[in-house]
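Reassemble the complex: the two chains are provided individually, in unrelated frames, and hints are given to aid placement.
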Amino acid sequence: MLSPDLVGIIEAARPHGWVLEPEALRLLGMAGVRVPRFTWARSLPDALAAAAEIGYPVAAKVVSPQILHKSDVKGVQPGIADSRYLTDAYERFSRLPGFEGVIVAEMLSGHELIVGAKLDFQFGPVVLLGIGGTAVEIYKDTATRMAPLKASDVQSMLTCLRGSRLLTGYRGAPAVNRSKLIETVLGFSELVMALGDRIDSIDLNPVFCSSEHCVVADARIVLAPATRI
Amino acid sequence: MNFTPLFKPKTIAVAGVSLSNERHPANVIYNKIHLRYPVKVYPVNPKGGAFKRDRVYRSMDEIPGPVDLAVIAVRADHVPETLSQCIRRKVGGAVIVSGGFAEIGRTDLQEEITAMAREADFPFIGPNCLGIYAPGHFDTFFLPGERLVRPNPGHVGFVSQSGGVLVDQMVKFTEQGLGLSLAVSIGNKALIRELDLLRHLAADPETRVIAFYVEGFGRNEGRAFVELAAAIPKPVIVLKAGKTTAGSRAVSSHTASLAGDYQVFSDVLAQHGIVEARNEFELTCFCESLSHYPRAIEGRVGIITVSGGHGALASDICADLGLHVPRLSETVKGELRAGLSANVRDIASLENPVDLTGSAVDDDFVAALTVLSEAAEVDAVLLLLLPYSPGISSDLGARLSYVHQQSGKPLVAYVPHVEKYRILIEGFELNNVPVASSIDGAAFMMEAMRRCRPC
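Listed in order, the protein sequences are those of chains A and B.
So in our numbering, spot 15 of the first sequence is number 9, and the numbers just go up one at a time.
So in our numbering, spot 376 of the second sequence is number 581, and the numbers just go up one at a time.
Hints in this document: simulated from the structure, not taken from any laboratory.
Errors might be hidden in some of the hints.
Claimed, not checked - Ranges of calculated distance between the beta carbons of each label pair, as one might list FRET restraints:
#1 A:219 - B:270: 18 to 26 Å
#2 B:525 - A:73: 54 to 62 Å
#3 A:157 - B:532: 22 to 30 Å
#4 B:305 - A:91: 49 to 57 Å
#5 B:310 - A:26: 43 to 51 Å
#6 B:421 - A:149: 27 to 35 Å
#7 B:521 - A:149: 27 to 35 Å
#8 B:635 - A:144: 40 to 48 Å
#9 A:149 - B:525: 19 to 27 Å
Claimed, not checked - So these bits of chain B aren't anywhere near chain A, every CB distance computed over 10 Å:
#10 213
#11 312
#12 473
#13 604
This structure is a prediction, so every number in the text was calculated from the model and none was measured.
Glycine included, every Cβ here is placed at the ideal spot set by N, Cα and C.
Excised from the complex, chain B in its bound form (with noise of 0.2 Å):
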C-alpha cells in the first residue's frame, strides 16, 4: 500500500461537511485545512449546494481533477457507500472519522468497509478516530484549532491507539518543546495497525524515534511487531495501557499465573530493544532524549551540579532507575581541579556529583564539562544548572552545547522551565542538548538511552 497520499496529500475531500450544522465534525475538519493549511479541500455532501461561498460537491465523481486523501465524517452506515466512491474515483486514501463500528458491536460493518479496501488495495486509517496529524501540512482532528496545541515540526512520529491520548500527549510535547514528525490516531485500526505505522515511519526520513501508545495486539502481532522493531535502527518507544487486566483469569499452570499478559509484554519488549516507558512523563521524556541521542548507553553518569542537594536527589533518582554514578579516578579529579578557578577550586566536591558550588561561573561550568565529556569513565553527563545561582551567564547553555558538540557525549541539562530562564533553556535546545523541567525528568532521559534494559 503506498501511504504517500495519506501522508502528505495536496488535495483532500472532506465527506459529510454540514450545510446547516456548523459545530458538525466534517465542518470543522473543513475549515480548519480550508483557512489554515498549504492544501486545497473540497467540501461533500449528496445535497449540493454552497458551503461559505465554496461549491458543495454531491460526490467524490464530483470533483475536478485528483484527489490524494478523503476524510470521511458520515454516519457509519454511509460509510461503505463513501469508500465505493472513492475507490472507483480512484482517491489515494482515506482517515475515516465516523465511528460505530466494532467499537458499539457493530463488526459486521467494520468488516464489510475492510474487506472493500482490501481488494482495492486502498489505504484507511480509522473508523472511528482523530485520523493524521501533520504538522505545518494538515490535520483531521476533528478539533477546533484553537483548542489543540499544536507541536512544531520536529522529528517524533506518534502513532496512538487512542485520539484522546494523542491530543493530550501533543500538550506534553509541546511543554517540552518536542516537534512531531507525524501522529496518528488509529482508532479501531480495522486495516491499517501499528505494525504498518512502524514500517512507515521507518522509511521516513523525518523520523528519528518512533513511539506508541498501544491497548493491546491482534493474535501473534506483538511478535511481528517486536521482531520489526528490533530490525530498525530508529529508537522505538512504547506506553502500554491495560497492565492490570489478566489477573482474575483461572489458570492451571504456574507459569500461565506469572507470566500474565503484561509480564509477557513488558520483558518481551525489553528483550528487542524497545523502550518501555511507564507513563505519560516518561513518554515525553524519553522521546525528547532518544530523538537527540540514539545510540545506547551502559548508563555511567557524571553528574555536575552547583547544590550539593540538588546532586544528592539526582544520585539517588539515578540509582533507582539502575543508573550508576561512578566515583571519578584520581587522575579525573586531577584535571577536574586543574580546570576550575581559584576560588571554586578549594571549595567544590570532585566526588560524583561534582559540585561547582554557588561560587561557580561560567568557565567552571565549562571547564568541567569539558573533562567529563573526555572520561572513559562515565558514558553521559547529567547537568544541573541553577540559574539563580549568581555567577551563571545567559550564554551558557550555548557554550556548554558547543562543549557536547565537541566530544559527541550524551548531555542533558535540567533548568526550571519558567519564562525568565528561557534564553539559557533554548541555548540549549536550539543546540540540540535537550532540557528536563525537573531533576526526574532528566534522569528519564539519561535512562532512556540505555534503551536495552531487560531489568
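Chain A extracted, bound-state conformation (with noise of 0.2 Å):
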C-alpha cells in the first residue's frame, strides 16, 4: 500500500503529466530506495550552501516542468569543483523554459545501469534492468521482467544483458555489488506494484552501481493519462 505522503506527490505532479525529479527522488527514498544525497535549491545562494554542505564535487542538474529530458537541453552539470563553477551553471541553468530551481546533489560513481518500468498493456506492470547512461537507446542492452520480480529474475535478467561481463569484473574493473542490485530492483518492483496503474512509465538512469553501493541518480515517473483513472 502507498503512504498519504507518496499519493501526495503523484497528485501533486498530476497537471505536469509527471513528476519532478527532486520530487521523484523524495519519492523513492520514502519507499526505501536508496537516492543520493540531494537539495533542490530555489536560489543561488541555497544552491552554494547545499554544496558546502554535501562538499563538492557536486551535480547540478535543472528542474524544469517543460524539460522532461535535461542533457537534451544540456540541463545537467556533474563534477563541479567549486562555487565558482557553480554559480555559471546556475545561471546557465535558469534561463532555461520553466526553470524552477536546481538540484545540487553528491557525485556518485560506478556503472551506470538503467531500470525502468511501464504499464503494460497485455501483461501490466512490467520491470526492465539494462545498461544506461544518455546512449540507452543506442545500445538497447535490456531485459524486461513481468513485476513483482522474485531475486532470480533479477539474476536471469543481469545475465540475459550483453554487457552482463561489464558488471562482472572485466579486465581488473571492481564488479558491481549483486546483493544490493538485486535488492534495489526488487525494491522497486515493489513500488511499482503498490502505484499500479498510477504510472505509464518509469525510468531510473542511471543508477550508478559499484562494488559498494547502488544508487538511483535521476528518475523520470511518466504518470498514466487522466483518463485511465
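The structure is reproduced here in C-alpha cells:
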C-alpha cells in the first residue's frame, strides 16, 4: 500500500503529467530505494549553501516542468568542483524554459545502469534492467520481466544482458555489488506494484552501481493519462 | 462452463444449411460430418423441407432428442436468433462460423451475442472462425474434406486466432507425423479465449503439449495467461504474430521505448517457462520434441554422426541456439573406443561430435548411443543418421530407440524424409523417438527441451 505522502507527490504532479525529479527522488527515498544526498535549491545562495554542506565536487541539474529530458538541453552538469563553477551552471540553467531551481546532489561513481518500469497493456506492470546512461537507446541492452520480480528474475536479467560481463569485474574493473543491485530492483518492483495503474512508465537512469553501493541518481516518473484512472 | 459438448459431441445441429447452394459453408460442414464422422448430425433451415433425402429442421426446437453442439453458419444478423434458440433448447454449446462481427466493426452485434451466452452460461467458439478439429471425431471447418490435410489423433492441443494458420499448421504437423488431440480456431474469441482453452487443455488427458498462435491478448489478459501456463506441468508453446507493430508510437520515457510490446511479450513468456516459437517451422519442431520430452534439460548435447560435415553443421547450429556441445571426458572416450568394432575404432573421431565414419555398422551406433546415454556430461543426444552409409541396416531406427528407452535420455534423430528411408524413420517414430527432416529441425527439437530460455 502507498503511504499518503507518496500518493500526495503523485497527485501534486498530475497537472504536468510527470513527477519533477526532486519529488521523484523524494518518493523513491520514502519507498526505501537509495537516492543521493541532494537539495532542491530555488536560489543561488541556497545552491551554494547546499553544495558546501554536501561537499564538492557536486552535480547540478535543472528542475523544470517543461524539461523531461534534461541532457537534451544541457541541463545536467556533473563534476562541479567549486562555487564559481556552480554559479556558472546555476545562471546557465536559470535561462532554460520553466526554470524552477536546481538539484544540487552528491557525485556518485559506478557502472551506469537503467532500471525502468512500464504498465504494459497485455501484462500489466513490467520492470526493465539494462546498461544505462545517455546512450541507453543506442545500445538497447535491456531485459524485461513481469512484476513483481523474484531475486532469481533479477539474476536471470543480469545474465541476459550482452554487457553482463562488464558488471562482473571485466579486466580489473570492480564488479557491481550484486546483492545491493538485486535489493534495489526488488524494492523498485514492489513500489511499481503499489503504484499500479497510476503510472505510464518510469526511468531510473542512471543507477550508479559499484562494489559498495547502488544509488538511483535520476528518476523520471511519467503518470498514466488521467482517463485511465 | 462445461466444454464437453463442444469438443466431444454425440449430436450436432448445423444451422444455415442451404437447399439451393451446394457450396454454402453450412452444407460443406453438414456433408462432411454426415458422411465421415461417427456423430449424428441434423441440418437446420427455417424453410424446412428435405436435403439429400434427410429432413431439414425449421429450428433447433424441432430436433428430437438432445443436441450437444450447434454449428452456426447463418448470416450475422440471424445469429442472435439462432443462438437464443440454442439456449432455449438447452444445446450444449456452439461454434459460430459466421463472419460480420467485430472484424468489420459490428462490435455491437458481437457484444449482443456474447452477453446472451454469458448470461445463460452457454459456451461458444468464434464468431468468424473455422472452429474445431477433433481428429477421428468431427470437425467444423467449412473446407471440403478432400482439400484438408488431416493430422492423426495425437497429443498436441493447438489453439489459433487465425483459421488459415491453423489449417496450414495441420499440413506441417502431418508432414512431421505429429498428431493432434484437439485444434481450435477461435476467430474473434468473443467468449472463449486462449486462457479458457489453456485451462481446458491443461486438464485434458490426451493433450501433452499445448500450442498457441497468438496475435495479441486483451488488457492484462497476458498476465493471467502466463501465470496459468507457469503453473501447469505441460509444456506451452506460443507463436506470436505482430512483432513489429509498436515502434512508431511516440513515447516519453526510455523504458517505454526499449520495452516495446513484442520485447515485453517475448521476455515475459521466457520468464514463465513458456517456449516461444519464432516461426511455423520452429512451432512444429517444438511440438514434436516436447510431446515426447516434456522435462527441461540444460542443453548439453552429444552428437553422433557418420559425416564430419554434418557433425560440424549441427555443432554450429547448436551453438547459435545457445546449446552446448561439450568436449567429452577421457573416461567417456575410453568407453566409446572400447565399444566400437575393430575397423571403426581406429578411424572414428571420439571428440563431440562423435564421428563414426562411413565404415560404421549398426552395432557401432548402438555402442556409441549406449555410452552417451549413460554419460552424465551430456543430457541429450542428437543422432545424424545418413541412410546412404552402407553399413546401416533398416532395423537401426528401432534398435537405437530401444537404447533410448533403456536410459530415458532424450534422443532426437535426423533422417532425410524420403520414402525409401521410411522404415528407418518409422523404426524411431513408432518407438517414440522424434525424427527431424533436417539438421536445423533436429537442433530446434533440442532447443525446445531447454524450455526456460530467458536469453
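Here is how each hint holds up against the structure:
1. A:219 - B:270: 18 to 26 Å: violated (55 Å)
2. B:525 - A:73: 54 to 62 Å: violated (44 Å)
3. A:157 - B:532: 22 to 30 Å: Roughly 28 Å apart at Cβ, these two residues keep to the hinted range, so it holds.
4. B:305 - A:91: 49 to 57 Å: 53 Å Cβ-Cβ, so the 49 to 57 Å window holds.
5. B:310 - A:26: 43 to 51 Å: Holds - the Cβ-Cβ distance for residue 310 of chain B and residue 26 of chain A, about 49 Å, lies within 43 to 51 Å.
6. B:421 - A:149: 27 to 35 Å: holds (30 Å)
7. B:521 - A:149: 27 to 35 Å: holds (29 Å)
8. B:635 - A:144: 40 to 48 Å: Holds, since residue 635 of chain B and residue 144 of chain A (Cβ atoms, about 43 Å apart) stay within the stated range.
9. A:149 - B:525: 19 to 27 Å: Roughly 24 Å apart at Cβ, these two residues keep to the hinted range, so it holds.
10. 213: holds (32 Å)
11. 312: holds (18 Å)
12. 473: violated (5 Å)
13. 604: holds (41 Å)
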